[in-house]
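Here the sequence shown is numbered in the UniProt record's numbering, starting from 1 and rising by one per residue.
Since the hints were made in silico from the structure, they are not lab data. Small disclaimer: the values here were computed from a predicted structure and weren't measured. Glycine included, C-beta positions come from ideal geometry on N, C-alpha and C. Worth double-checking, as some hints may not be accurate.
Unchecked claim - Taking CB as the label site, the calculated pair distances span:
1. Glu344 to Ser252: 23 to 33 Å
2. Thr48 to Ala332: 39 to 49 Å
3. His38 to Pro308: 36 to 46 Å
4. Lys118 to Thr275: 36 to 46 Å
5. Val348 to Pro91: 42 to 52 Å
6. Tyr104 to Gly132: 40 to 50 Å
7. Pro108 to Asp42: 12 to 22 Å
8. Asn206 to Pro73: 37 to 47 Å
9. Asp226 to Arg21: 16 to 26 Å
10. Arg117 to Glu95: 30 to 40 Å
11. Gly333 to Pro73: 33 to 43 Å
12. Ala284 to Pro308: 41 to 51 Å
13. Pro308 to Asp338: 12 to 22 Å
14. His38 to Glu280: 39 to 49 Å
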Amino acid sequence: MPLAPRYAADDARYETMTYRRTGRSGLDLPALSLGLWHNFGDTTPFDTQRAVLRRAFDLGVTHFDLANNYGPPYGSAEENFGRHLAKDFRPYRDELVISTKAGYDMWPGPYGDHGSRKYLLSSLDQSLTRMGLDHVDVFYHHRPDPSTPLTETMGALASAVQQGKALYVGVSNYSPSRTRDAARILADLGVPLLIHQPSYSMFNRNVEIADRDDAYDGHQSESLLDAVEDLGVGTIVFSPLQQGLLTGRYLSGAAPEGSRAARSDSPFLSSSNLTETYLERARALNAIAEGRGQSLAQLALSWVLRDPRVTSALIGASSVAQLEDNVAALAAGPLTDDEVAAIEPHAVDGTGR
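Construct the entire structure; sequences and hints are all you get.
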């Protein structure tokens, strides 16, 4: 059986992708980054994964985002990515930004979850082993842990940088005030907070809203986007397509066979999300997208990227065709003020959940 040809990246890979500076750091990220949450575990054929990763890099997607428990099963996305890295991307390691996270449950017992120093640094070591790396570019605390002193959690992130196991650190799902505290603690330790990873879409606009309940200990009520802008921290948003609700897949009002909403085991999306309110708003947004020559998914990506405080949007892709459709969103150009105004009545926080 002949060997598969060795991968050689497209020489034109940097000619069309847009890159954005991450806050006040020196790091640029592609406007669209590839998240390896659901489609790179052992349930997805290895060759499918390989095709998506190769095509992504050929299109200028230089950032691959992972976490310790991505799969399924837990850890398998990192293991598979390590195999792809060894087979295809090792010569391009210095052109890639590879990130991973810890903060959700990963292994049994009291030391495999949350935000302790023991958990975070042990998890990072495991992630590096699974991927065959000596360091990642970005290491995140995946979610806040009120039961652990923030000084301990941020101290662990700082240690990851000081030990040479991460170049930068970030947080995910933190409130504005907790983000400020994290940035202050890290600055005192000589390690800047590079980036925040929140959920953001036309149907989830929490990052724009000032959180009065979050203000404490002298913090003023503010939105997350205002906080990160003031701090000089970048923002990479996940779920910009709201688990598929901001695609054309459900515009008929039914969940197609095999779709996430049709699966009984989906924790984030079900047929109950396909309400008349959702359909009315999604169809109106789809009409605006068609007027721009875009799909609904492409419009949703253009919309989150309209804000200069958003460094990058994380996309998932189960096929090369889906990846290419998402990246094509960048070809349409930015939204005009009139288009943003037309979208506004239909981009309502909470729709579809």
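- Message: Which constraints among the numbered hints does this structure fail? Numbers only, ascending.
- Response: Hints 2, 3, 6, 8, 12 and 14 are the ones this structure does not satisfy, whereas the remaining hints hold.
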